Amino acid sequence: MNKEKNILVKVDKLVKYFPITRGIVFQKEVGAVKAVDNISFEIREGETLGLVGESGCGKSTTGRTILQLHEPTSGHVYYRGEDLSKIPANKLRKLRRNIQIIFQDPYASLNPRMTIGDIIAEPLEIHNIGNAKTSRERVQELLNLVGLNPFFIKRYPHEFSGGQRQRIGVARALALNPEFIVCDEPISALDVSVQAQVVNLLEELQEKFNLTYLFIAHDLSMVRHISDRIAVMYLGKLVELADRDALFNNKMHPYSISLLSAVPIPDPPKERQRKRIILKGDVPSPANVPSGCRFHTRCPIAEEICKREDPPWIEKETDHWVACHLVEKAQRLML
Amino acid sequence: MDNREVILDIRDLYTTFHTREGIVHAVNGISYQLHAGETLGIVGESGCGKSVSMLSVIDLLESPPAKIDAEAIYFKDKNLREISKSDMRRIRGSSITMIFQDPMTSLNPVLTIGFQIKEPLKLHLGMNDEQAAKRSAELLALVGIPEAENRLSDYPHQFSGGMRQRAMIAMALACNPTLLIADEPTTALDVTIQAQLVELIKGIQKELGMALIWITHDLGVVAGIAERVVVMYAGFVVEDAKVDDLYGNPLHPYTSALLKSLPRVDDDQEEKLATIEGMPPGLLERPECCPFEPRCSFAKDICRNENPPLEELKPGHRVACWVDMNTGELR
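Chains G and X are the protein sequences, given in the same order.
For the first sequence, my numbering assigns the number 1 to the initial residue and increments by one for each residue that follows.
For the second sequence, my numbering assigns the number 1 to the initial residue and increments by one for each residue that follows.
Simulated from the structure, these hints should not be mistaken for lab results.
Careful: at least some of the hints might be erroneous.
[As the list claims (entries may be wrong)] Okay, the calculated beta carbon distance ranges per label pair:
| hint | chain 1 | residue 1 | chain 2 | residue 2 | range |
| --- | --- | --- | --- | --- | --- |
| 1 | G | GLU29 | X | PRO146 | 28 to 36 Å |
| 2 | X | ILE302 | G | ARG155 | 32 to 40 Å |
| 3 | G | PRO300 | X | ASN176 | 28 to 36 Å |
| 4 | G | ASN6 | X | ASN150 | 29 to 37 Å |
| 5 | X | GLY203 | G | GLN331 | 39 to 47 Å |
| 6 | G | PRO300 | X | LYS300 | 48 to 56 Å |
| 7 | G | ARG155 | X | GLU329 | 58 to 66 Å |
[What the hints assert, rightly or not] Covered by chain G, per the in silico footprint, the following chain X stretches (three or more residues, Cβ under 8 Å):
| hint | stretch |
| --- | --- |
| 8 | 169-180 |
| 9 | 255-261 |
| 10 | 276-287 |
[Stated by the list, open to error] Sample of chain G residues with no beta-carbon within 10 Å of chain X, all distances over it, derived:
| hint | residue |
| --- | --- |
| 11 | TYR17 |
| 12 | ALA89 |
| 13 | LEU260 |
| 14 | PRO266 |
| 15 | ASP267 |
| 16 | PRO268 |
| 17 | ARG276 |
| 18 | ILE278 |
Only a predicted model underlies this, so the values are computations on that prediction, with no experimental measurement involved.
Cβ coordinates follow ideal geometry from the N, Cα and C atoms, glycine included.
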C-alpha cells in the first residue's frame, strides 16, 4: 500500500565525513569522523519515518545533511526529484520553506532575547511573507494550533516550561506551511508526562496538514508508536529499514534484535521473563571504524566473513532492507 | 510481610531551599522504610524531589541554601540527623554509597581512575597504597573492565561513558556498603549500555547482598530491577507498593496516568497516547491541597481543600488519594 505513495525525499549514497585536522597554520587532514557513510533511503509523502540508533551513530547528522545544513561529502539528496546539492542558492532558499526542523533542546533552540511572537514570525520575515499585521495574525493562529494561549505573544522563552517551549519550536517550524519536517529528538529533553502531549500534537498536525516527518530518536518505544516505517542506524550506516510492524515482528539484523531486547518494558512479570541479548563493549569511535561489517566487534553471531566484508544493503523481503551476512542465523537469536 | 531487618527508616523528612525567589519546597514530609537487601525504586519526574530526598538522607546538600528537617532518619540504629559530621563522613562512602547520574562530571578529571578508587579504601578501611591498588584492580575487574590493572593509571577522559559509570560503581562498592543509592545511573547512557549496567548491578547485588535504592524517571527500568516502588510527585510520596501491585493495580491517579501515557516497545497501539494535561506544580509554595489535583481527572472538592495522607489501603500498598479510581467516588 505504501509503495504507491509518492517519494518526497530520496537520499542516495549520502556521505558526510568531518575532517580531523592537525596543526594551526599548516593544517593537514589526519583522518575523518565518518558520521554518515553511504546511506540510501526514501521518505514517502505523508509518512513518518523513524530513524533510531545510539548516540554518535550519525542520525542527527543525517537529518541535518538532508536539510543541507551540512554540505554532504558526497551523494545526493533529492526533494521531489530535485537534487538539493545542485540547485542554485536562491532556489534552494525558496525550497527551504517546505522543509523545516524541530530541534532536540527546547532550551537552546529559542533565542532568549526574542519574544516568542518574534521567534515564530522570524521565518515569515526572512521569506518576506505578509506585513506586520498579517504575520501577527499568523503567529496567533499558530499559537492556537499548538495549544498555547495567543496572549503569550509578548512573552520570552524563559517564561515557559520545556513542553511549552517545544510547542513554540513546533509553531515556528509550521509558520511557512512546510511539507516535510525533520524532528530531531523533539521529546527526549521532556518529562515523561509531557512527552505524550508533544507526540500527540505532532500526530494531530500531521493529520491536519498532511505533513511528512523524519522522526529521529533513541527511544524505541516512542518511535514504534509514531512511525510508519523505521530505519535503524549503527555507526554511520543503515543496518535495517522496514515497515514498523515488520521491523518489530520480523527483525533481521542482530543489532536491531539486541537493541530491541535491551529496551525495558514497564511490565514487571514480562520484564523478568524476557530474553535479553546484552551487547558487549561500547560503540566504536566513528573516527576509527572496524573493518568489514561495523557491528562485528559487538555482534553476538559474527563470523569470519563479517570481519572481511562489508555486507551489502539489500531488499531481503518487499520493503524490508537489511545489511547483514547472516540474517538467518540472526533470526534464530531470540528463539 | 517483610521479615528482613529495617536498615533505613525515613520519618517525616522535609527539605527546603532558601533562594532569592523564595523558599523552594523540594521534599514535603516523606516517610518510608527500607529493608536489608531490598531493591527499592524511586520514580517521579524531574523536580519531584527524588534525588534531593536521598541527598538529604546522606547529608550531601550544601546548607544554606538547603535546610533539612526530619523527625528522624534511622540507618540501622543510628539517627543520621543527630550524629556528628565526622560520624556521618564515616558512614557516607563506606556503609552508604551513591552512584550519580552523570559519569562525565562525577569523576575528578585530573586524578587517575586508580587514585579515585583507592581513596575510599584508604580512608575507610585504612589500607596502605599497595593493598588499595590490588583491591582497586579487583574491583575494576568485578565491574567488567578488561585489563583492569593497566587501566588504573588512566584518567577519566580515557574511559567511555559506560566505563566511567562502571568505575563509579567500583568506587561505590569499594567498602562493601549496606546500602547503595543509584541516582539515575543509566539515564545519560545508551540503551545497550544501560542493559549492560542493569545486569551488572543486579548481579553484584545478588553476590554482595546490599540494599539498593534506584532513582529514575524510567518506569521500564524499575519494572525489571525493583522489588518495591515509591512514586513521588511535587515532593510528596503519592504511592508505595510492591512492584507487581504498582504496575498491575495502581491506586493513585498519577501513577495510573503515567503508566498509560507510556508507549511500549512490545505493543503496537494505534490509538493516541493518554496524556496528563498541564505540568507539575512549581515548588515555591507548599501545596495545602493535593498537589496532583489540578491535573487529576478524578478531582473532587475535598482534593482542593485537604492533602490526602499516605495510607496503607492494602497490606504493603500505601497511597495518598481521597478517591477510589474504580468507582470514581471518595473512599
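Beta-carbon spacing of G/ARG155 to X/GLU329 - inside the hinted bounds 58 to 66 Å or not = Because 41 Å falls outside the window, the suggested range is violated.
Kindly confirm whether 48 to 56 Å is satisfied by the beta carbon distance between G/PRO300 and X/LYS300.
-> holds, 54 Å
Taking the shortest Cβ-to-Cβ distance between G/PRO268 and chain X, state whether it exceeds 10 Å.
-> violated, 5 Å
Check on G/ILE278 being off the interface with chain X, judged by Cβ distance over 10 Å | violated, 5 Å
Least C-beta distance between G/ALA89 and chain X, which was stated to exceed 10 Å | holds, 38 Å
Distance restraint hint 32 to 40 Å, applied to the beta-carbon atoms of X/ILE302 and G/ARG155 = holds, 35 Å
Taking C-beta pairs only, is G/TYR17 more than 10 Å away from all of chain X?
-> G/TYR17 is indeed farther than 10 Å from all Cβ atoms of chain X, at 22 Å.
Count the residues of the stretch 255-261 of chain X with a beta-carbon closer than 8 Å to any beta-carbon of chain G: does the count reach three?
-> holds (count 4)
Between the stretch 276-287 of chain X and chain G, see if three or more residues pass the 8 Å beta-carbon test, and mark the coverage as holds or violated.
-> Our answer is that it holds, as 4 residues pass the Cβ test (under 8 Å) against chain G, meeting three.
Checking the smallest CB distance to chain X, is G/ASP267 really beyond 10 Å?
-> It is violated; G/ASP267 is separated from chain X by about 6 Å at its closest Cβ, not greater than 10 Å.
Could you say whether the range 28 to 36 Å given as a hint is met by the Cβ separation of G/GLU29 and X/PRO146?
-> 32 Å Cβ-Cβ, so the 28 to 36 Å window holds.
Check on G/ARG276 being off the interface with chain X, judged by Cβ distance over 10 Å | violated, 6 Å
Of the numbered hints stated above, those contradicted by the structure are hints 4, 5, 7, 8, 13, 14, 15, 16, 17, 18, listed in ascending order.
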